[in-house]
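K.L.:
Below, each chain spelled out in residue letters.
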Amino acid sequence: MSEASPAKAYGLHLGAIALLFVLSFLLPEYYHGLLARIMVLAVFAMGYNMLFGYVGLLSLGHAMFFAAGLYGAGLAVIQLGWSVPAAFAAGLGCGVVLSLVIGLLALRTSGVAFMIVTMMFAQVFYLIILYFSSWTGGDQGMVVPQPARVLAFGATSLDLTNPTVRYMSALGLFSLVLLITLALVRSRYGRVLVAIRENEERTKMLGYDTFSNKLAAVVISGIVCAASGAAYALLFGYVGSSFASVQYSILPLLWVLLGGAATTLGPLIGTLFMYYVIDITSGYTSAYLLIVGIALILLVLFLPKGILGSMRQRWLGWLP
Amino acid sequence: MTPLLTTKGLSRNFGGLRAVDSVDFTLMPGEIRAVIGPNGAGKTTFASLVSGRIQPSSGMIVFDGADITGLPAYVRVRQGIAYTFQITSVFANLTAYDNVALPVQRTLSDGRSKGAVQAGVMAALERTGLADRAHMPAGQLSYGHQRLLEVAMGLALKPRLLILDEPTQGLADSEIDNFITLVREIAASATVLLIEHNMPVVMQLADRITVFNAGKILAEGTPEAIRENAAVQQAYLGTAP
Chain A
1 MSEASPAKAY GLHLGAIALL FVLSFLLPEY YHGLLARIMV LAVFAMGYNM LFGYVGLLSL
61 GHAMFFAAGL YGAGLAVIQL GWSVPAAFAA GLGCGVVLSL VIGLLALRTS GVAFMIVTMM
121 FAQVFYLIIL YFSSWTGGDQ GMVVPQPARV LAFGATSLDL TNPTVRYMSA LGLFSLVLLI
181 TLALVRSRYG RVLVAIRENE ERTKMLGYDT FSNKLAAVVI SGIVCAASGA AYALLFGYVG
241 SSFASVQYSI LPLLWVLLGG AATTLGPLIG TLFMYYVIDI TSGYTSAYLL IVGIALILLV
301 LFLPKGILGS MRQRWLGWLP
Chain B
1 MTPLLTTKGL SRNFGGLRAV DSVDFTLMPG EIRAVIGPNG AGKTTFASLV SGRIQPSSGM
61 IVFDGADITG LPAYVRVRQG IAYTFQITSV FANLTAYDNV ALPVQRTLSD GRSKGAVQAG
121 VMAALERTGL ADRAHMPAGQ LSYGHQRLLE VAMGLALKPR LLILDEPTQG LADSEIDNFI
181 TLVREIAASA TVLLIEHNMP VVMQLADRIT VFNAGKILAE GTPEAIRENA AVQQAYLGTA
241 P
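Chains A and B supply the protein sequences, listed in that same order. For the record, in the first sequence the residue sitting at position 156 is 156 according to full-length UniProt numbering, with numbers rising by one throughout. For the record, in the second sequence the residue sitting at position 191 is 191 according to full-length UniProt numbering, with numbers rising by one throughout.
Honestly, the hints are just simulated from the structure, not real lab data. Worth double-checking, as some hints may not be accurate.
Here are the simulated BS3-like cross-link-like pairs (lysine-lysine), alpha carbons at most 27 Å apart as the crow flies [said to hold, decoys possible]:
1. B:Lys158 <-> A:Lys204
2. A:Lys305 <-> B:Lys216
3. B:Lys8 <-> B:Lys216
4. A:Lys8 <-> A:Lys305
Construct the entire structure; sequences and hints are all you get.
P.N.:
Pasting the structure below:
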């Protein structure tokens, strides 16, 4: 948040990216694939964190932005036969339009009303997907055919179904979003967003149009979540309505709370933590959700600011 | 000379209560004007109407020759009306530096240069004597320093009209002396509307005083004239005429 220690902050983030890069060559096959998925979903969490962590707007409808990217990209490939880059752009475009419209409507409210309004819009989006099942595949979903998931550059081409290409693509998107988030929260705009979270009335009296600033934040958050959804469709080849359900609105909130709201790396840590707890415990018992629940309760009791948030509070004040 | 601020028939009702009741008010550029009155006289409501935090029920506000009655608060701030809060409302979790950086970065027309923000922030902090506390979270500053930070944020907006709402409330006597010096400095470049309970401060600072009572202007004049005014004494002390 402060002007101090930019080198430390950028060093930490580049180090994290380098670590993920090296892990690609060390991890066994199963965890390699899992980590690629986690990185894509961590992008979703980062988009959520942008709005929830920094602006303090708690949305319960972010599944619709993820699904906008997922279906925007997926349908472009399946129904229209578009290429991978064009489909990814279509996913982003859907995210922009949807978040702009939702932002304009939902930002008339705040607090609990904002939660309810975003949740209702997401429900509408979910039901629309089910209603147009001849196009969207309904609750069965659709598989993006393997031949279509190829990134062609003239003569050479990259097969996105290849594990290494997939991992590196996921890492590329993750790194890009991570560095953009870091730059954004350290910028003047980031300072205004935090000011709105801390005291919106006061921010207005410093001459800021808080509505426009919040709307911009909703759209940025929407684009990032849509990017995650579009990447998910293209890298993992499945487009399904379960990703638009309320569960996928709650999950990014949990990931961000676990990792630490308003920390740049928290969303990754939270997503990683949750996935590994599920992965490890489900190996021992079918009642793994019970253990996940206990882990969550313990975290809320002892680390209410999440893993990184608590670390920042106690030892690492410079953490962005 | 054209007045900086004029209100015509400005009123605000809260339910059946007329908190501000058709007030005609004029403020000349460069003045330090104090607004005094008993509790509930409508001083803060009047200041909130001028700053745009609340909308009037009727009447008109003119700032620098233009009607600003319908403008939202943030636009008025951009036009040069700054308001410092009666209840301290600095951003407690942000550093003093970031608190002042918020108004500074907005007033910079050149949006890029990082050095300009730094320079502007430190200038405002030095003027209020907070420079050595720049990197403390505002919530950890003493109460008096938080009040000064509030003033620093107002100053950083480079206002033409600075509205100070009970700025000395809760300050120690030594801090009040510094504060009086500070307001005199501010008045060199801005018009000051000072809402204040502390009469020694008002008498030392104000060029003119406006007395509010029950939502209306009861009297207006120089500090000496107000001191002698029988109606003012009655409003304050409740003595029989």
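K.L.:
State for each hint whether it applies.
P.N.:
Hints, verified against the model:
A hinted pair counts as satisfied when its Cα atoms are at most 27 Å apart, and B:Lys158 with A:Lys204 qualifies at roughly 16 Å. Using a Cα cut-off of 27 Å, the hinted pair A:Lys305 and B:Lys216 is violated, with the two alpha carbons roughly 50 Å apart. Pair hint B:Lys8 plus B:Lys216 holds up; C-alpha atoms about 12 Å apart against a cutoff of 27 Å. Distance restraint check for A:Lys8 and A:Lys305: the Cα-Cα separation of roughly 22 Å lies within the 27 Å cut-off, and the hinted pair is therefore satisfied.
In summary, the one numbered hint that this structure violates is 2.
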